[in-house]
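Engineer: Keeping their order, the protein sequence lines are chains A and B.
Residue numbering for the first sequence follows the numbering used here, starting at 1 and increasing by one per position.
Residue numbering for the second sequence follows the numbering used here, starting at 114 and increasing by one per position.
Hints listed in this document are in silico derivations from the structure and should not be mistaken for laboratory results.
Warning: the hint list may mix true and false statements.
[Stated by the list, open to error] Example chain B residues on the side facing chain A (calculated, C-beta under 8 Å, incomplete):
#, residue
1, W135
2, L152
3, G155
4, D169
5, E217
Beta carbons are placed, not taken as given, at the ideal position from N, Cα and C, and that holds for glycine.
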Amino acid sequence: SQKIEQNSEALNIQEGKTATLTCNYTNYSPAYLQWYRQDPGRGPVFLLLIRENEKEKRKERLKVTFDTTLKQSLFHITASQPADSATYLCALSYSGSARQLTFGSGTQLTVLP
Amino acid sequence: EAGVAQSPRYKIIEKRQSVAFWCNPISGHATLYWYQQILGQGPKLLIQFQNNGVVDDSQLPKDRFSAERLKGVDSTLKIQPAKLEDSAVYLCASSSPGTKNTGELFFGEGSRLTVL
């Protein structure tokens, strides 16, 4: 079965630095990969989607890359701010899977002022 | 646009009791999902509806969990009888095939269940 691994430990970085979160998967590549943000006590909120034929996607201070050879996606937050502190979830979807998402366990990011 | 509504937000019950959660998706969203999120883990799909039909319930523990979406809008997830390991946040999400983002899910705030 498909396994999704995100940074195994919480990530602490200094304000203003770039945060880089990792999402690795096994077996076959998904049709597309999504990143969500989840704050304590709240539901996940969609951030970005990248398709298997795309290498990179950007949205404001966010950037996602997708390497199907390495079976890896990287999620970057540039010029990080304390307000970016949250858990970030990676989710994969496959062609023909009726729009089902399989989520990783998430990486807890803390941006220190 | 109103988001996905869920209730109750919190529920504490004793094992072997029953509980029901309600979800009202975003208006016009045909697809509705129930996810279970155990503390420290990512959401795990329990059941997916397309309108009022079940698309996938392969990970739903059918001996104790049931879900319905009778009129293709609201949905109810029931657990009976509850076990200690059912303590989790139950997230409802919806999506529309027409979204440009292709499969983006809109989540509710979740219903946190504690089984004592």
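Engineer: Hint numbers the structure violates, sorted upward?
Structural biologist: Hints 1 and 2 contradicted; others consistent.
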